[in-house]
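Asks: Below are the chains, spelled out letter by letter.
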Amino acid sequence: MIMEYKMETIKTFNYDRPIIEKGYANQTLFIDISVPDISIKPVDEKMKDVFIGGKGFDLWLLWHAVKSTTKWADPDNAICISSGPMGGTPLYPGSGKSIVTTISPLTGSVIDSNVGGYFGPYLKFSGFDTLEVKGKTEKDIVILIDGIDEKVQILETSGLPDDSYDLSAILTEHFAQGKPRHISVVSTGPGAKNTRMGCLNFTWYDLKRKRARYKQAGRGGIGSVFADKRIKAIVARWDTVKVDTNNPADGNALKAVGRKHSKEIAELDPKQNEMATIGTTHLVTIMNDFDLLPTYNFQYGTHPEAVNVGQEVYRRIFDTGYDGCWMGCTVACSHGVKDFVPLTGPYKGTKVFVDGPEYETIAGCGSNLGIFDPHMIVEMNFYCDAYGLDTISVGTSIAFAMECFEMGLIDETHTRGIHLSFGNRLAALEMVHQMAEGDGFGLIVGQGVRQMKSIFAKDYKADPHIMQDIGMEAKGLEFSEYMTKESLAQQGGYGLALKGPQHDEAWLIFLDMVHNFMPTFEQKAEALHWFPMFRTWFGLCGLCKLPWNDIIPEDNKDTREPAKVMKHVEWYAEYYTAVTGKKTKPDEIIRMSEGVYNFQRIFNLKMGFGQRDHDDIPYRAMGPVKPVEYESRRDRYDKELVEKHHVDITGMDTEEKIRLLRKFREALYEELKDAVYKRRGWTANGIPTLETVRRLGIDFPDVLELLKAHGIE
Amino acid sequence: MFRVNGKQRSWYEGMTVADLLRDIGDSHHYAVVRINDKHVSMPYFEKTRIPDNSEVFLIPLIAGG
Ligand code: SF4
Chain A
1 MIMEYKMETI
11 KTFNYDRPII
21 EKGYANQTLF
31 IDISVPDISI
41 KPVDEKMKDV
51 FIGGKGFDLW
61 LLWHAVKSTT
71 KWADPDNAIC
81 ISSGPMGGTP
91 LYPGSGKSIV
101 TTISPLTGSV
111 IDSNVGGYFG
121 PYLKFSGFDT
131 LEVKGKTEKD
141 IVILIDGIDE
151 KVQILETSGL
161 PDDSYDLSAI
171 LTEHFAQGKP
181 RHISVVSTGP
191 GAKNTRMGCL
201 NFTWYDLKRK
211 RARYKQAGRG
221 GIGSVFADKR
231 IKAIVARWDT
241 VKVDTNNPAD
251 GNALKAVGRK
261 HSKEIAELDP
271 KQNEMATIGT
281 THLVTIMNDF
291 DLLPTYNFQY
301 GTHPEAVNVG
311 QEVYRRIFDT
321 GYDGCWMGCT
331 VACSHGVKDF
341 VPLTGPYKGT
351 KVFVDGPEYE
361 TIAGCGSNLG
371 IFDPHMIVEM
381 NFYCDAYGLD
391 TISVGTSIAF
401 AMECFEMGLI
411 DETHTRGIHL
421 SFGNRLAALE
431 MVHQMAEGDG
441 FGLIVGQGVR
451 QMKSIFAKDY
461 KADPHIMQDI
471 GMEAKGLEFS
481 EYMTKESLAQ
491 QGGYGLALKG
501 PQHDEAWLIF
511 LDMVHNFMPT
521 FEQKAEALHW
531 FPMFRTWFGL
541 CGLCKLPWND
551 IIPEDNKDTR
561 EPAKVMKHVE
571 WYAEYYTAVT
581 GKKTKPDEII
591 RMSEGVYNFQ
601 RIFNLKMGFG
611 QRDHDDIPYR
621 AMGPVKPVEY
631 ESRRDRYDKE
641 LVEKHHVDIT
651 GMDTEEKIRL
661 LRKFREALYE
671 ELKDAVYKRR
681 GWTANGIPTL
691 ETVRRLGIDF
701 PDVLELLKAH
711 GIE
Chain B
1 MFRVNGKQRS
11 WYEGMTVADL
21 LRDIGDSHHY
31 AVVRINDKHV
41 SMPYFEKTRI
51 PDNSEVFLIP
61 LIAGG
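Chains A and B supply the protein sequences, listed in that same order. Numbering-wise, the numbering used here puts 684 at position 684 of the first sequence, and it's gapless, one number per residue. Numbering-wise, the numbering used here puts 4 at position 4 of the second sequence, and it's gapless, one number per residue.
Calculated from the structure, these hints are not laboratory results. Predicted model only: the values in this text are computed from it and were never measured. Some hints here could point you the wrong way.
[Claimed, not checked] Straight line, CA to CA, 25 Å or less: simulated PhoX-like cross-link-like pairs of lysine-lysine: (1) B:47 with A:263; (2) A:260 with B:47; (3) B:7 with A:263; (4) A:271 with B:7.
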């Protein structure tokens, strides 16, 4: 597409690029776009020891950027993007992630998102472990971080397209100087501007297909903050990447461990889930078979048509070829659809390339909306990306609106004539287009489930109690796409997650319900300690979580703790040692994460959350809200009442059984909170104790002051 | 004949996934297996027959999501 656009440099900052030392650039880049001002801040050893990198660095910078009163759209709110010490290693699978944090428009507190693409590594090799952007502008800007020419620029722009799809392609070409692989673009689209659930698209250049491909920092509305600041895009430019570019402490040790993990994946993935061919789509039918696939706004866990949107179908739809979102990743799970022709919207009738869909998008924009049409899901995926919208929040929000519509809590006068029932594919797509246009009922849906509950109650007089039970959000963030009703561990995995119910912190549902690795209450609480710590660590180091436990060593089942996949954890400890030169054992991984994890919990406290009540989840996440849900699993629930709780259910009607079951399950969830808080070293109100913050070295004066204000001294 | 995790095994008419797992006698709790490129989950082990000449993979764990 030929566009007339203008870009005018308004600020140039030249710098001397530092040599990367053992995975660190040892400095961060600060940009205040209001002034505009560009400067460099040093990274000291203490920052590396306590916060490691990645999300840890982001949080530390964001902590100093915002006050407890800062709101998401305030100029003080910063967007921080980091790689991590291992980020940018081409040999080790999954080593190209960027971690993004900001104050979220959905939660009002800290959100973090772990995303592929080349940006984080290019930023670091350009000389910066972290980028911190504050301020707001009146005019659209593009920020260029050019590590080759050692300059950072702010450019005022006009005439660039709004949507990420065209925008990224144009900017890649604009800055490439003939080498598009040297460019990674971070951008969003019009949906981000008009909703609270905007995502960021991070590109990587696909040499074979000759196009910019995308991965999304999806959760929590980071894209909406980006759009509100009027940043059109941030572009990183860097040269060829080799293992030595990251200057590891011991290159030979790094190569040895990297080759082991790469080779194992290349050998085992074809024998296991074939992620290099089908991505994460295998999870659709597996979740469906185990009654865990959300359908109809998390009412049910299975549907006979789920097979239509599973791996057998997407295997045929995906374009074949290498799909690693980072160089040399042998998992290579980031698939896409070539020559897709949308039926609606601005790209109607034209051929586009769609990155995705992954499991979450299929479940969120498909099964949970009662949609089992694989091409419609691809279209939803395409427009969400192009418009800069998070497919998970979009899916879960539309699902809530659809259920409210079907229950008569809202009607066509509110939806402006749209029959928003489950399975209405065009209505779902129309919601997405309206979110991008900032018009119609889509504008309301785009505010997210929490805001919808309040608008429906206040303006449409809908019953707030039932909406509280069926509105699938916690902490203000929409649930990602797993059915937790029968897994107490996953209820905790969602409810006790720091940023809100996103599975990247603790995905225990299968380990709990199917593999039965944590039958006791104590084991669930223990898992809710160690699993998030492992997952946190990937975000500190610039790594992808998938190579840890999505491809499993053949002898794993004979190990003492198969759920932890310790062989890989040992390799990760070797990898960390080889890059940073700091000798590390597997248990130290947990210790590193604990510091940052507890700091993030305290950050929530600073922002007015981070206490026990903040960890509540809607009842639908715990059990059946409506009689139809109870009846769909009546045997299970009856059995639980009789055998576990010794209730005589003879003659009892369904409503009464629901009420009783709810009492037991809610009490159990509270008990789980107690057990997990204790295991994590927190008070009964869910706040880290003084002993915990001292042990972890995060007893900074302002942390102690904050704790004191909450009675902890 | 058919293959399980790359190793040849003799096949018999009517053999189900559940039969195979019993015959193998592996105490590990398999939740999912793959027959050629089709995933089969535990609730369907009893009724899913393994075709002759197929390639079966026992998936060790579904741990990542
Ligand atoms: S495993 Fe998939 S998501 Fe992770 S780095 Fe590799 S290609 Fe990207």
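Asks: Take the C-alpha atoms of residue 7 of chain B and residue 263 of chain A, compute the straight-line distance between them, and say whether it is at most 25 Å.
Replies: holds, 20 Å
Asks: Check whether the Cα positions of residue 260 of chain A and residue 47 of chain B lie no farther apart than 25 Å.
Replies: violated, 38 Å
Asks: Take the C-alpha atoms of residue 47 of chain B and residue 263 of chain A, compute the straight-line distance between them, and say whether it is at most 25 Å.
Replies: Distance ~35 Å between residue 47 of chain B and residue 263 of chain A Cα, so the pair is violated.
Asks: Can the restraint linking residue 271 of chain A and residue 7 of chain B be considered satisfied, given a maximum Cα separation of 25 Å?
Replies: Judged against 25 Å, a Cα distance of about 12 Å means the pair holds.
Of the numbered hints listed earlier, those contradicted by the structure are 1, 2.
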